[in-house]
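Given the sequences, and given the hints that come with them, work out the whole structure.
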Amino acid sequence: MLVSIVHRMTGAALATAGLALLVWWLTAIADGTDAYAEFTRAAAHPIGLVVLVGLTWAFFQHLLSGIRHLVMDSGAGFELETNKRFAMLTLAGSLVLTLAIWVPVLGGLL
Amino acid sequence: MSLGESATPLGKVEGLGSARYGGEHWLAERVISAALLLLGAWLIASLLLLPSLDQRTLSEWLSAPSGAVPMALFVITAFVHALDGLKVVVDDYVHDEGNRFALNALLLFLAVGAASLALFALGRIAFGGAA
Numbered sequence: 001m002l003v004s005i006v007h008r009m010t011g012a013a014l015a016t017a018g019l020a021l022l023v024w025w026l027t028a029i030a031d032g033t034d035a036y037a038e039f040t041r042a043a044a045h046p047i048g049l050v051v052l053v054g055l056t057w058a059f060f061q062h063l064l065s066g067i068r069h070l071v072m073d074s075g076a077g078f079e080l081e082t083n084k085r086f087a088m089l090t091l092a093g094s095l096v097l098t099l100a101i102w103v104p105v106l107g108g109l110l
Numbered sequence: 001m002s003l004g005e006s007a008t009p010l011g012k013v014e015g016l017g018s019a020r021y022g023g024e025h026w027l028a029e030r031v032i033s034a035a036l037l038l039l040g041a042w043l044i045a046s047l048l049l050l051p052s053l054d055q056r057t058l059s060e061w062l063s064a065p066s067g068a069v070p071m072a073l074f075v076i077t078a079f080v081h082a083l084d085g086l087k088v089v090v091d092d093y094v095h096d097e098g099n100r101f102a103l104n105a106l107l108l109f110l111a112v113g114a115a116s117l118a119l120f121a122l123g124r125i126a127f128g129g130a131a
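The listed protein sequences derive, respectively, from chains A and B. Residue 80 in the numbering used here is what sits at position 80 of the first sequence, and the numbering runs on without skipping anything. Residue 125 in the numbering used here is what sits at position 125 of the second sequence, and the numbering runs on without skipping anything.
Hints are computed from structural coordinates only; laboratory data are not their basis.
Some chain A residues close to chain B (C-beta under 10 angstroms, calculated; not the full set):
| hint | residue |
| --- | --- |
| 1 | R8 |
| 2 | A12 |
| 3 | L14 |
| 4 | L19 |
| 5 | T27 |
| 6 | G32 |
| 7 | A37 |
| 8 | L63 |
The beta-carbon is built from N, C-alpha and C at its ideal position, and this holds for glycine as well.
Structure follows, in structure tokens:
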């Protein structure tokens, strides 16, 4: 239940903020070094970092619970224990993947 | 479009059920999700494997077909998937038919516009020459 609602919320965040950021990022790369420096400056700002870490988590959470939904669409994984374990795995997995990416990056910044 | 009570089970799964659109679209959503799963994994892996994330490295990466083509596919697939998802949210929570139609139309315009902007940027990176 929780993971299903989170799937929807992370999806909405990725579809709006995530895609807006993707368009900005690609446009900045196309515009050249000055525009890209502006992008990285915003990204390295504390608010930018919170947004990026949040979207990274949303990406992995949505990806993993998306796999869960694809499995469930096939008719599998509806047993109460299996279903709950799979849901918990998506939460643990997204946390681990987000930390794996950002701990080295943030460690480098400090 | 809805045949209501008179719809047969076959008619419902063929797209004439209570949702007013149907089975093919449901399956297409799943196929697109699976494609985005692969492209998303490609994107994360690529970003982690690139020697650096400065503008020069990124534009070199996106100038080559091996970077430009999957990125273009990622952009298109991500926007189609985002539109599919947002439409579900709008259809679930916006009950007035006029507002629902207007909001879905607005989202379609925004998605097509933003996706075009992203693809045009990719074109500039690949063909612009000014890396």
